[in-house]
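Construct all of the structure, not just a fragment, from the sequences and the given hints.
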Amino acid sequence: MWAVGGGKGGTGKSFVAASLGLHLASLDRDVVLVDADLGAPNLHTLLGIKASHPDLGDFLTNAVPALEEAVVETPYRGLRIIKGSENILFIANLNHYRKLRLLRQLRQLQTQNVILDLGTGSSFNTLDFFLSANPGIVVATPEPTAIENTYLFLKSCIMRVLKLYMDHYKIRDLHQKMLDQIERNSQSLYGFFKSLMESDRAYGTMLYRALRGFRPCLIMNKTRDERDVLLGRSVADVARKYLLIDMKYLGAVPYDEGVRASLRGLKPFYLEHKDSAAARAIRQLSEELAYSIEFTLRTPPEIRLPDA
Amino acid sequence: MLKRIEDWNYYELLSVERTASQDEIWEAYQAALATYRDGSLALYGLVTEAERGLVLERVQEAFQTLRDPDKRKEYDLALLRHSPYVPPKAPFRKSVGKLEIEDAPAKGTRWARLKRLFVKNP
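Just so you know, the sequences run in chain order D and U. Using my numbering, the first residue of the first sequence is number 1, and each one after it goes up by one. Using my numbering, the first residue of the second sequence is number 1001, and each one after it goes up by one.
It should be emphasised that the hints constitute simulated quantities derived from the structure, not laboratory data. Hints should not be assumed to be uniformly reliable.
[As the list claims (entries may be wrong)] List time: in silico DSSO-like cross-link candidates among lysine-lysine, alpha-carbon distance up to 27 angstroms:
#1 U:K1071 with D:K177
#2 D:K177 with D:K163
#3 D:K50 with D:K274
#4 D:K248 with D:K267
#5 D:K8 with D:K163
#6 D:K274 with D:K248
#7 D:K194 with D:K248
#8 U:K1003 with D:K163
#9 D:K8 with D:K99
#10 U:K1003 with U:K1071
#11 U:K1071 with D:K248
#12 U:K1003 with D:K194
Rendered as structure tokens:
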């Protein structure tokens, strides 16, 4: 299960998810795209499909008993979709039980590939979907706001991973200490682990290992020149040094005006412009992803499911 | 290993192996310069200007040392005394029952491969 997420809206998460899905389906793989953007679902529009039932909301409200029944065919061979729900107010605030039920059934889907398109931001639900995928893919663009939000998203993921482990091992008093320390500056994560190692080496080592198990991938979207492409490598390097995580830079997707035109025409860009540089990049990213898949996330407890 | 950025050795700072060639060191140095240059987007929202300056100084220091074979030899000997060099292990890939290295492209070519794929005129 792959998840495409990130901190900022408009970076092209849905575009990347849809294009990866279309590419895999064109390789005769059975793919299910899931619009897990609980606040503003629109993955179906990128594929040129109208919103209709059944959708994710029908599963979450028990209108359909199993997630498999919310999967619908698309006009594209091999590609199926679980559309996002129109009942946003209810769905955006999923409770813990419903979230676990959804995660469990996502893993049980009868398909070769599941690709989750996540929403913007760092709500617990979004983070948990991101953390239970393998790999989680962060999409950023070469703009200060997107880079800033990417780091914020990664920090939120890190804190969520550590909290899940702290809850699991019943060391909740550490959570407040973490909240107090980590927000301070760029090296605060190091400071937190350093002081924890000094006071309790066993917990420190366990949590540090948990952190090292978080290995997201990065895609730089809408790049216009070599500098933008190189920026992705720099961001991954900075995340490695300052956030202590092993982030892998998968590559870049060049900016293409055709994306907007395809969206207006309600046609998938990937199929309309198969020979464009952006479509070629998507194919290369897909290969990189297939190669990366063995050494990505170790799923944290609580959202680690029996069948995971 | 848990380390503060000030404590990273020159190889860790430039993200290269201790066995890196002069070409690999040059390429890593250029990448580090791009990351830690004034106004770098990669640091936006995470690293302060003062921290950036300190790291850039260390990057320059690292390159000056590693580009000179005599200085590098001296530095390697000093480094070995503190931390013996253990080559990285190749992760085992369960799905294919092989070590990752068996399918991996030749060492040091990953970035060259990415660059070929994503940069128009590498």
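How the hints compare with the structure:
1. U:K1071 with D:K177: The given pair, whose Cα atoms are some 43 angstroms apart, is violated under the 27 angstroms limit.
2. D:K177 with D:K163: 11 angstroms, holds
3. D:K50 with D:K274: Given pair K50 of chain D, K274 of chain D holds - Cα atoms ~23 angstroms apart, limit 27 angstroms.
4. D:K248 with D:K267: Cα-Cα ~31 angstroms, so violated.
5. D:K8 with D:K163: Status holds; Cα separation ~23 angstroms.
6. D:K274 with D:K248: 26 angstroms, holds
7. D:K194 with D:K248: This hinted pair holds, its Cα atoms lying about 25 angstroms apart.
8. U:K1003 with D:K163: This hinted pair holds, its Cα atoms lying about 22 angstroms apart.
9. D:K8 with D:K99: 23 angstroms, holds
10. U:K1003 with U:K1071: With a Cα-Cα distance of about 24 angstroms, the restraint between K1003 of chain U and K1071 of chain U holds, given a limit of 27 angstroms.
11. U:K1071 with D:K248: 32 angstroms, violated
12. U:K1003 with D:K194: 9 angstroms, holds
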